[in-house]
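*Asks:* The lines below spell out each chain.
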Amino acid sequence: EAAVTQSPRNKVAVTGGKVTLSCNQTNNHNNMYWYRQDTGHGLRLIHYSYGAGSTEKGDIPDGYKASRPSQENFSLILELATPSQTSVYFCATGTGENTGQLYFGEGSKLTVL
Amino acid sequence: GDSVTQTEGQVALSEEDFLTIHCNYSASGYPALFWYVQYPGEGPQFLFRASRDKEKGSSRGFEATYDKGTTSFHLRKASVQESDSAVYYCALGMSNYNVLYFGSGTKLTVEP
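First to last, the protein sequences are chains A and B. Each residue of the first sequence is one higher than the one before, starting from 16 at the first, in this note's numbering. Each residue of the second sequence is one higher than the one before, starting from 31 at the first, in this note's numbering.
Each hint should be verified, as a subset may be incorrect.
Simulated DEER-style distance windows between Cβ atoms [as the list claims (entries may be wrong)]:
1. B/K98 / A/T97: 14 to 24 Å
2. A/P76 / B/S56: 15 to 25 Å
3. B/S88 / A/E94: 39 to 49 Å
4. A/T97 / B/R90: 37 to 47 Å
5. B/E112 / A/V27: 13 to 23 Å
In short, the hints are calculated from the structure, not lab data. The beta carbon of each residue, even a glycine, is placed where N, CA and C say it ideally should be.
I would like the entire structure built from these sequences, with the hints used as guidance.
*Replies:* Next comes the structure, spelled out in structure tokens:
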């Protein structure tokens, strides 16, 4: 069954620490995305990728890096985590065929203390 | 920049009530418009889209009509059920529709 799997599902980190959120997909979709979800802001795009080796900046990339080493995997990296990055992060995939239909994972809840 | 605005943060209804969730957009070009739904504990999922003026999108009893004149794409359902309780997101995509920009979401609670 095609799926978007995120890990870890829950993470508590300390301020200044490094955090890596991972996303694996079996949809074989070209496009992958990282969004964060916050009350009052909805879903905001952080980084996205059109394929292995490519990353693009979304609306709020500051403080985040992304890595797409393969078709299946897309990581979001917080080199120096801050409390303002406490949020729920969603990975999504899309076919790249201009449909606008994205397939989301179940989310990763990050708390930075 | 391009954006969508959802005016209701929360909506509370009883079963069989009529639902309207408002979505207005601002875009420099001609966007496609989308509705996504997020059930508790899950990621958002695609509901439907419309990509031209006067086009109606629909799914699962929900519908919305693209209105370029009023820059709106309001979500409606004639008779809601408790199982419709969820967060609803309006979104827009420009040119290739591969990058979507979401609104702030509307939490719908339906009481039995």
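*Asks:* Are there hints from earlier that the structure breaks, and if so, what are their numbers?
*Replies:* 1, 5
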